[in-house]
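Going down the list, the sequences are from chains A and B.
Counted from 1, the first sequence has number 154 at position 155 by numbering that gives the first Met the number 0; the numbering is strictly sequential.
Counted from 1, the second sequence has number 89 at position 90 by numbering that gives the first Met the number 0; the numbering is strictly sequential.
Hints listed in this document are in silico derivations from the structure and should not be mistaken for laboratory results.
A virtual CB, placed ideally from N, CA and C, is assigned to each residue, including glycine.
Among the clues, some could well be false.
[What the hints assert, rightly or not] DSSO-like mimics (lysine-lysine), calculated; alpha carbons at most 30 Å apart, straight line: (1) B:K139 - A:K139; (2) A:K65 - B:K139; (3) A:K62 - B:K139; (4) B:K65 - A:K62.
[Stated by the list, open to error] Partial selection, computed: residues in chain B whose CB lies under 10 Å from chain A: (5) T83; (6) L84; (7) G115; (8) L144; (9) G201; (10) H221; (11) K223.
2 protein chains.
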Amino acid sequence: MSQQRHGNTPGNAGAVPAFPDLPEATIARLPEYLRALHNLAEAGSDTISSEGLAAAAGVNSAKLRKDLSHLGSYGTRGVGYDVTLLIDQIEYILGLDQRRAVALVGVGNLGHALAGYDGFASRGFRIVALFDADLEQVGKAINGLTVRHVGELRRAVVEDGITIGVISTPPSAAQGVADDLVAAGVTSILNFAPCVLSVPAGVDVRKVDLAIELQILSFHEHRKASLTALPGGLVGEGGNQEAVGS
Amino acid sequence: MSQQRHGNTPGNAGAVPAFPDLPEATIARLPEYLRALHNLAEAGSDTISSEGLAAAAGVNSAKLRKDLSHLGSYGTRGVGYDVTLLIDQIEYILGLDQRRAVALVGVGNLGHALAGYDGFASRGFRIVALFDADLEQVGKAINGLTVRHVGELRRAVVEDGITIGVISTPPSAAQGVADDLVAAGVTSILNFAPCVLSVPAGVDVRKVDLAIELQILSFHEHRKASLTALPGGLVGEGGNQEAVGS
DNA sequence: TAGATTGTTAATCGATTAACAATC
DNA sequence: TAGATTGTTAATCGATTAACAATC
């Protein structure tokens, strides 16, 4: 997938940086390392080498060490990384030491499923409010939450301290919802609607377009088919695996 | 997002390439251009400039022209791109001129929603078979399809000419399902389970991890909060927007 | 012809990778 | 001390971008 990003790094001359300036590619991989580390911790590992953690996260060890070096020096030469220490460090950097409140707008087919998705709750987030424009949906209970009308969005965002909004409306409604979320004070948006959102400075948007993922796979299917048709046929040397991120 | 990718480009000396060798970043953006072009066509545009299409797709025009130049020369200097021609060309490259058959494994919360997701059908894909390991789910009808037991996977893949598999099982089951899909002949997998899959050469995997998307946003929330706390406060110069892809 | 816009060049930037010195 | 493994260096690779010559 691809994400848009406009620069906004204020100058920060002198002093210890309050916040490390991590490469975007590194940021996108930290959650994967975190997931792998939680698995290792659960399996009882106290310590893990870069080689081992890299394998568990599906990257090569040089990249992993380079990524972790941006956080500071949390490994021990000749030994490896302390699993618990690294978990704490990555969770701190990702801002997961606080449980973030999320609003979800659009409880149709996909939105309904997202509202009940265990993975959010178990990995640092609380969906605290559901909204829809359809009066048919308003009032329904999903996973213990009552669907409210989008008109109440502003109040809810302020009252519940919501900073992240998830948009799972049809594309035609998405920009309006984004505007409402931003007006209410939300500064991060996860957009499932297949359309481009325009947002003011300081607001981050990530987009997940499920059909695009399949279309990218379709390209590779097409390419592979055209290669097999060629004299010599398909020559493979390893699986191709990509994880969606920026 | 990040995706793993192991090289597998066989040498292709001499002759006109049967298939253009597109940069991975370009491939990931073509579907976005296609979506924008469909919108333009619906709005009645015959022709569009790189500037106009770039705006509709949320990228800058230099990048768009560079991307399209890899496909060949389908624009007219001084005029722009023919919308219909470009749609046909991108759809051909992405292999969307044929409607691809997709199998979905795991009809829990998320899988159920994916099985009914309109966006797949409207953008080149047919979900032709649903599977689950849970006998409680087997036999249920979702969106006109009957859920079958994973044991029948192999036969269905062959009979229905399925080339793409979607995995929406719990992570503990995902590797086994991937193995089954590959054994049955599937060569592309879209994985929603939060785990790394290992697959043989020639099989493409894309991963969508919903919690990771939120965690990346959480990082930016954390960063923004730490900047506001700094003397001078937050200095923004534009919205940050990223689309999930490789 | 004059104006518009593509396709391409070349410079820049950021990410990846292998190799190895530092050090536990 | 010897073996293991990190953190860093430097080379390489791929992607982005601005600028502009080509050309409709």
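Self-check item: Agreement of A:K62 and B:K139 with the hint, judged by alpha carbon distance not exceeding 30 Å
Solution: Between A:K62 and B:K139 the Cα gap is close to 45 Å, so the pair fails against 30 Å, i.e. violated.
Quiz item: Was the hint right that B:G201 lines chain A, CB cutoff 10 Å?
Solution: Cβ of B:G201 sits 3 Å from chain A, so the hint holds.
Exercise. Take the C-alpha atoms of B:K139 and A:K139, compute the straight-line distance between them, and say whether it is at most 30 Å.
Key: 24 Å, holds
Quiz item: Against chain A, with CB atoms and a cut of 10 Å, does the hint on B:L84 hold up?
Solution: B:L84 check fails; min Cβ-Cβ to chain A is 19 Å, beyond 10 Å.
Quiz item: If you take the shortest Cβ to Cβ gap from B:G115 to chain A, is it below 10 Å?
Solution: 5 Å, holds
Quiz item: Is the hint on B:T83 kept, meaning its closest Cβ partner in chain A is under 10 Å away?
Solution: 19 Å, violated
Quiz item: Taking 30 Å as the top limit, are the C-alpha atoms of A:K65 and B:K139 close enough?
Solution: 49 Å, violated
Exercise. Given the hint that B:K65 pairs with A:K62, test it: the Cα-Cα distance must not exceed 30 Å.
Key: 28 Å, holds
Quiz prompt | Given hint B:H221 near chain A, where the shortest CB pair must fall under 10 Å | solution = 3 Å, holds
Quiz item: Given B:K223 was flagged as interface, is its beta-carbon under 10 Å from a beta-carbon of chain A?
Solution: 6 Å, holds
Quiz item: Given B:L144 was flagged as interface, is its beta-carbon under 10 Å from a beta-carbon of chain A?
Solution: 15 Å, violated
Checked against the numbered hints given earlier, this structure breaks hints 2, 3, 5, 6 and 8; the rest are met.
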